[in-house]
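2 protein chains.
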Amino acid sequence: MTDPFVVVGADAAGLSAASKCRREDPDRDVVVLEKGRWISFAYCGMPYFIEGRIERLSNLLSLSPSEVDDRGIDLRRGHEVVGVDPEERRVSVRTADGETFEEPYGDLLVATGGRAVTGPFDVRGIDGAFTLHDMDAAAAIDAYVADPEEYDPDRADASAVDRERVDHNAALPAPETAAIVGGGYVGVEMAEALTGRGLDVHLFQRSEHLLPPFGEAVGERVETELADRGVTVHTGRPVGEIVGDDRIEAIEFDDGNRSETLPVDLAVVGVGIEPNTELLSGTGVELGEGGAIRTDEHGRTNLPGVYAAGDCATAIHAVTGEEAWMPLGLTANRSGRAIGATVAGDPTPVGEIAGTAVVKAFDQECGRVGFLEEAAAVEAGFDPVRETITAGSRSGYYPGAAETDVTLVADRDSGRLIGGSIVGPDRAAVRVNTLATALEADLTVPELERLDLAYAPPFSPVWDPILVAAKVLNGTLEK
Amino acid sequence: MTDPFVVVGADAAGLSAASKCRREDPDRDVVVLEKGRWISFAYCGMPYFIEGRIERLSNLLSLSPSEVDDRGIDLRRGHEVVGVDPEERRVSVRTADGETFEEPYGDLLVATGGRAVTGPFDVRGIDGAFTLHDMDAAAAIDAYVADPEEYDPDRADASAVDRERVDHNAALPAPETAAIVGGGYVGVEMAEALTGRGLDVHLFQRSEHLLPPFGEAVGERVETELADRGVTVHTGRPVGEIVGDDRIEAIEFDDGNRSETLPVDLAVVGVGIEPNTELLSGTGVELGEGGAIRTDEHGRTNLPGVYAAGDCATAIHAVTGEEAWMPLGLTANRSGRAIGATVAGDPTPVGEIAGTAVVKAFDQECGRVGFLEEAAAVEAGFDPVRETITAGSRSGYYPGAAETDVTLVADRDSGRLIGGSIVGPDRAAVRVNTLATALEADLTVPELERLDLAYAPPFSPVWDPILVAAKVLNGTLEK
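As you go down the protein sequences, you meet chains A and B in turn. Going by UniProt numbering, the letters in the first sequence line up with residues 1 to 479, in that order. Going by UniProt numbering, the letters in the second sequence line up with residues 1 to 479, in that order.
Keep in mind that the hints were calculated from the coordinates and are not lab data. Take the hints with a grain of salt, since some may be wrong.
Identical chains share a label here; the pair holds if one copy fits it or two copies do between them.
Heads up, simulated DMTMM-like pairs for lysine to aspartate or glutamate below, C-alpha to C-alpha not over 20 angstroms straight-line [to be verified]:
1. K360 - E289
2. K360 - E51
3. K360 - E216
4. K360 - D228
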């Protein structure tokens with residue numbers, strides 16, 4: 001009998017791998033070691049819970065521990081892996097009770113995810129200052145935002161929740177003014193969520209545009225949308241400090257000339273995440289883009305029998321074939337599942353990534369894929385040419401037709417599509433999948449222009465906005 | 001100076017060609033000969049006009065005659081081309097005033113479109129019985145449906161309208177019960193439109209499923225939707241006859257055992273269209289699929305200097321590379337535009353078709369592409385394998401997540417995607433463009449499964465319904 005398949009981390013990548021392995025090879029022992037109490041939760045759903053659109057914290061849970069058990073997986077929560085010995089093929093484990101032991105593995109998957117970066121902002125120990133990257137933070141923010149008289153403790157109904165932290169936050173006076181530090185996904189989603197909860201929201205973005213990975217056309221549209229909905233957007237305004245001792249009092253930011261202070265009673269810092277790789281220190285593991293664990297097309301690290309997947313691992317970019325780090329949900333699930341099949345004896349590629357992402361900003365739906373930033377495209381060896389067009393989402397005469405902006409980026413020499421974005425209020429987000437498919441299939445812009453895309457007045461004009469953009473970009477490429 | 005570029009037909013294909021040619025070669029004379037009074041109208045918008053969702057008939061007009069003039073195009077309405085002499089390169093024209101003359105051409109584009117097939121049903125001369133394939137029919141149906149006391153003549157505001165026919169229909173008593181003969185696009189859209197106008201609607205479909213080109217999964221969902229909205233759907237019920245002398249009284253249909261009669265005071269026959277090719281009879285032109293004018297990758301017929309585009313012409317299918325006839329709006333616009341460029345000296349392929357189509361049935365959005373019918377796939381040389389799955393349109397915890405059915409068809413040997421459909425109430429239609437792109441890019445189902453498609457709770461679950469379908473179909477292909 002082979003040594004077990006040991007998985008570190010019980011979220012998307014880890015549990016996908018464990019489940020797939022058990023299903024394909026029911027005789028293989030599968031052990032999942034999870035540092036905390038939470039498993040299998042929907043990180044991307046947290047802003048919508050805080051907004052109140054989702055009633056219970058437990059709605060964000062996918063698999064329960066007993067369901068994991070039912071799959072024949074030996075799930076151990078409160079088990080932190082603090083070291084890996086790749087020579088002896090065993091991990092060092094420290095339990096929540098302070099015990100330590102060694103666990104042997106035949107194959108090991110590191111699926112430890114990421115953690116919120118806070119940059120220079122220390123939010124620890126300051127009431128009213130948060131990052132948002134785990135379920136306890138979501139529950140705490142939700143409780144903090146509520147009026148103490150009106151908070152419903154059943155909102156934080158998951159058994160794993162840090163009840164003491166929830167109760168502490170629920171007892172504090174409800175905030176009125178919020179600062180969100182960082183205008184990426186989390187920042188934009190939290191701006192909507194907190195506006196929905198009735199707060200006066202200020203969103204701070206260091207650079208000149210919100211949602212930098214989506215490009216300027218999307219950033220500008222989202223900025224307008226947020227402003228229309230009452231959010232005060234401060235772009236080009238780096239935040240310097242969170243002010244307050246026990247409770248937050250203000251934030252300091254650079255208004256371009258001098259330091260300004262905005263009194264706030266809530267701050268959420270969402271300036272990115274970084275991969276959790278510490279358990280591999282000293283093993284000789286190779287790290288790659290973003291400090292994430294370098295993996296190959298099967299999710300293997302350079303250590304024998306050691307795989308990595310999800311937010312802690314690199315991936316291969318579909319456009320360049322080069323290494324990239326883009327922590328996103330599908331990537332985690334897909335690579336986990338593939339590695340589960342591979343260790344069960346069916347070698348399966350983890351798939352490439354195209355950087356496909358969508359985000360909602362009130363009524364604006366935003367999507368992006370591939371290379372939108374000039375500098376990144378040039379660095380990848382392309383000569384990028386870009387066009388942005390505005391077209392209707394439906395036939396002009398059909399009610400609900402809405403302006404949709406499409407940006408396409410092509411490589412000048414080859415004419416190949418290398419990136420694109422889309423923004424608009426009418427079914428814009430899912431349209432980005434057309435671009436993702438074209439990009440992964442290595443289509444050129446002339447080929448894109450000739451695609452037979454769907455037309456019917458309620459859903460699209462005769463020339464889909466993507467076709468209009470392709471036509472315009474082709475004109476530019478032909479010059 | 002070369003002889004002019006003569007275009008027959010002033011709708012999507014014809015005017016796209018004429019405009020493109022003038023833009024690319026401003027010195028070329030371009031003459032457009034149009035038999036009727038109407039130009040550049042949105043056929044696909046008519047049901048929505050009749051429904052009342054669109055206020056004025058003129059909203060469906062795109063280019064006006066004076067805008068066409070402004071483009072330097074010599075547009076002559078009321079000019080029917082009754083013959084073509086390919087040896088002498090001239091057409092015979094008969095005007096609405098009864099004059100006849102010959103017009104020389106350097107290049108000729110036949111863009112005569114199609115006309116409604118009525119099968120055994122003669123709707124001419126029977127009040128209350130209609131086909132829907134031109135603007136006068138749309139105006140007449142709209143007037144007929146209205147209560148004579150309440151009809152607003154400004155609805156039919158386009159100057160080209162047959163006012164006498166409108167007034168005649170407006171004066172007739174408003175109908176209460178409608179039969180729609182044919183459960184294709186027009187039938188389904190008209191069922192929704194007339195239900196919206198308050199009529200009791202019966203929809204008759206000869207075969208067992210509505211929307212046959214969309215496959216059974218879509219047909220069944222649409223049948224349920226129509227029934228839920230009060231439409232009585234009669235599938236497997238061929239209509240035999242429209243009963244009535246001056247005014248419609250009933251329709252007779254086969255209920256499976258014997259002939260039944262349903263009293264109605266409105267019938268709309270939508271059993272398909274056929275290409276208008278008579279002007280080329282005797283020229284030796286080759287006809288192809290569906291009796292349409294056979295064209296090559298540049299829209300050329302077998303006659304020198306004679307092109308055809310739009311509903312009267314064949315096209316090349318992207319999956320098979322073989323000839324197909326699928327009269328759809330984008331095809332007409334695109335092939336017209338390409339031919340305009342070609343005759344202006346820039347040879348441009350008209351593009352292939354994938355049979356991409358979408359249709360709305362109340363709240364259900366339906367899409368299809370490629371080969372869905374077993375028999376058609378086999379005839380094209382494939383060994384089709386099919387799976388249909390139901391998946392959520394959003395994360396399960398996010399409000400509005402709705403069941404979405406995806407059908408994928410692959411060729412067993414090659415694993416290549418050859419067709420697909422999708423139906424659901426939440427952004428389902430535009431998702432078919434992902435399948436259209438995959439299909440035109442010759443992706444296999446394993447490649448489809450590995451696409452990096454978008455995920456965010458408001459728009460898609462982690463595994464997009466298309467990825468779920470690909471996964472299931474791959475499982476079947478591997479057996």
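Verification of the supplied hints:
no. : hint        : in the structure
1   : K360 - E289 : neither (27 angstroms within a copy, 45 angstroms between copies)
2   : K360 - E51  : within (13 angstroms within a copy, 32 angstroms between copies)
3   : K360 - E216 : within (16 angstroms within a copy, 34 angstroms between copies)
4   : K360 - D228 : within (15 angstroms within a copy, 32 angstroms between copies)
The earlier numbered hint that this structure contradicts is number 1, and it is the only one.
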